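*Asks:* One-letter residues, chain by chain:
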Amino acid sequence: MLRYFLTRLAGAIPTLFIIVTIAFFLIRAAPGGPFDQEQTLPPEIMANLQRAYGLDQPIWAQYGRYLGALAHGDFGPSFKYKDFSVTELIGQGFPVTLELGSIAMALALILGIPIGTFAALHHNSAADYATMSLAVVGIAIPTFVVLPFLGLLFGIYWHWLPVAGWEPGSIRHLVLPVAALALPPLSVIARLTRANMLEVLHSQFIRTAVAKGLPLHTVILRHAMRPALLPVASYLAPAVASIMTGSLVVESIAGLPGIGRYMVQGALNRDYTLVLGMVIIYSTLLILMGLAVDLLYAWLDPRVKLER
Amino acid sequence: MSGLLDDAARRLRSNPGAMCAMFVVAGLVALALFGPWFNPNGSETLDWLHVASQPALQSAHWFGTDRLGRDLFARTLEGTRVSLAVGAVASAVSLAVGIAYGAVAGYVGGRTDHVMMRVIEILSGLPLIFFVIFLTVIFGRSEYLLFLSIGAVGWLTMARIVRGQTLSIRRREFIEAAVASGAGTARIIVKHVIPNVIGPVVVYATLTVPQIIMFESFLSFLGLGIQEPHASLGTLIAEGAGEMEAAPWILLVPGGFLAVLLLALNIFGDGLRDALDVKER
Amino acid sequence: MAPVLSIEDLTVSFSQPDRSIFAVRQVSLAVAARECVAIVGESGSGKTQIFMAAMGLLAGNAAAQGSVRFEGSETLGAPAPRLNRIRGSKLTMVFQDPMTSLTPHLKIGIQLAEVLVCHAGKSWSEARIDARRMLERVRVPDPARRLNQYPHELSGGLRQRVTIGMSLLCEPLLVIADEPTTALDVTVQAQIIDLLRAMREEVGMALVLISHDLGVVAGLADRILVMYAGRIVESADSAELFRDPRHPYTAALLKCIPSLSGPRLERLPTLPGQPPQPSDLLDGCAFAPRCPRAAERCRVERPLLRDAGDAIDGGPDGTDNGGNAIENRSSAIENGGARRVACHFPLSP
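Protein chains in written order, with this note's numbering: chain A, 6 to 313; chain B, 1289 to 1569; chain C, 1438 to 1786.
No lab work stands behind these hints: they were computed from the structure. Just so you know, these numbers come straight off a predicted model, no measurement behind them. Just so you know, even glycine gets a beta-carbon here, dropped at the ideal spot from N, CA and C. Some hints here could point you the wrong way.
[Unchecked claim] Label-pair restraints from in silico Cβ distances:
no.	chain 1	residue 1	chain 2	residue 2	range
1	B	Ser1302	A	Ala15	22 to 30 Å
2	A	Ala15	C	Asp1631	32 to 40 Å
3	A	Val141	B	Ser1456	45 to 53 Å
4	B	Leu1321	C	Thr1537	49 to 57 Å
5	A	Ala135	C	Asp1631	37 to 45 Å
6	B	Ile1457	A	Pro220	26 to 34 Å
7	A	Pro19	B	Ile1457	51 to 59 Å
8	A	Phe10	B	Ser1302	46 to 54 Å
[Stated by the list, open to error] Here are some of the chain A residues that sit facing chain B, going by a computed Cβ distance under 10 Å:
no.	residue
9	Ile146
10	Ile176
11	Ile211
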């Protein structure tokens, strides 16, 4: 198992390398520069700025410098937030986004799986239709509509929760963003779980388990759950991608100081190093998630593991 | 082939939710297209007398106005038109790209197919928004970029489906006849493969429309898509989110429109998929 | 002595959007302690559904009417907690295909031990020891290693041994074996039959053997019930049935069994035609379309199950020689070993 993990990890590093390289050269090759939006500066000052940021060097030299800095965890200075390096910005923002995203993911699983199981057990009942209808709503309506609506309801009309803003360690500020972020993956997980649970419950081995006189919760938890969750495991990587995408919106609307917001700002401001840094972070996260899902799959289905 | 579609049409008709959704979509489209004739206000007119006024059926502005006095109903309808237009165009783009890619991969097969599918696999795993943001950084905000990147949303699934269909007809007699008569690969693909896979593919194309509309709204919301003074539902919602406390209707009207549109499209799409795929239950 | 299982007038139907399908029609039977009863019939004859109903395993769209008593208490419609006390412990079932009937992601040891943990209140470690002992009893070699393996790592024959062992863990009073050898190779089939015989001697449980193959049940059954189209058409002690079948269907089934002695045939005899669909409503005898002895009466009037005795032909009023109509009701249970046939023109002895 460990060997499998290490081989896969080793395979992921070249992918990351390629991503970084392509990103770097694409950015440098782009028309315009990071200072174009400033008012036109006298040429000497432009030249100074260029030199200060190393932009006057041949491109290969810049690339080499960048990689070297990267190896030390240095993403370079932000072109827009003059006082901060990208590394610092990432350091500030990443924990916030991580907290937001992981709570949302956990919520999606913790609520989605039982809801889907419940719906499967009460197949074709009113509760089944109700939950699945809610799931459709959760999938169809985009996060940037849901969050303001929630904010309107809970923040402005009912004054229960703050609409935006963030304080370290505050839970109240996280409730609405997490809810809006978790809603789409929760709905998908509930639907997937329900569909698969229904199928699994008709299997022969479930019939055997029931014939053995095992109580319902044992049949579900010990015999039905693992095969029913396999497709959910496949969905985990897209779920993380969806949460990453959603975090851009949620952080922007709710004013949370996470890297999602920096990503959007970086795009709007054409802040090269910031965006480059973000791309690297997100790509790494995704690749790691892919690995984790593979491992999870192997654990869930012993037939896969034994083929290694 | 037509028997299959007839069967599917019948199944679809017996699905009340899907039929209802279809009418809702049709209604919204009609409203977007013909609504302005019933609305005395233009979407660009600034009505200084009624800045940020509430919706009221008696007033001149049924759905209220925004911060600049523009009639919200008119703006929302324009936004809907833009979203629908972008959706249609981008769907067509992704359809064209996907069909070409998938037909080539499916027909040529072998190594080429393998490589082409690997590319799709890798691209599927990466969230598109990051590509778009990346490209925006490089090329700046432009509406052409918008169309391109939105078209990129749907082509992956389209290519996969087309490839699957191509694989299943590759061995049929008329293809072999065409090969025997000396037709070149490109010609075969264009004249024989594509016309025969188009049927179910077009149907699947309609399933990508809500995704595309959602993506466009998303980009516009973030400020990376449609730019002022044009409005799409996404930009309107972004405006509304900023005015939430003082004038919630500026958010609720376009937000409601988008929500209903997407919901109806999704339900209809689900119904369509159920009708086509007998194994789904 | 009271029978372990008594089924009275059981009818099982499945409701579909446009019609109802009757899988089991008014079946009554009884199984005494330590007895081995075989239920034989083609697929679709309803033989499995009888016991699905008995164990509360019917599908969601199925309805069962009548009465099924296990050790005196009614199981039809019983609430799950009450059923769960009996099934898996005193009333157990062995299913046809051990590959699909064992849970693929759980080790054998767990699937065995959980029965004891659930029903006998043992701890997991105690249960594992008992499980290993059971594997030895069902002749699984290297049992300690097998406990830690997954079902797909065992051969078909071994898996079936495990399933049989699983059914015996709590010293059941009745084991229902549904086509236990059908999914196995011919060579392994004989081994499994031997195993069942040995276990019967060791454990002393009653056994219901469901099969479509008379040859399989020959060496094991005390009594055989033949089913056709959801009804019992003949019942007799095993030896008598083979020697002297009364129902034309039974006779035809016997002819289908290839035999090592006797003349070598060019083609194996088969029955012409198909059994009726469970959704067909039948006038008269269900077997009439395929019966070489069928007469007009057979197509119009359904023959009731009655004592065969030595009568060549049952009386025209649907009674046996003694004037007793015994299709349903308690006499089916009292005279468990009686010779019965449902035919207007049964074969002569």
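*Asks:* Which of the listed hints are not met by the structure?
*Replies:* Of the numbered hints, 1, 2, 3, 5, 6, 7, 10, 11 do not hold.
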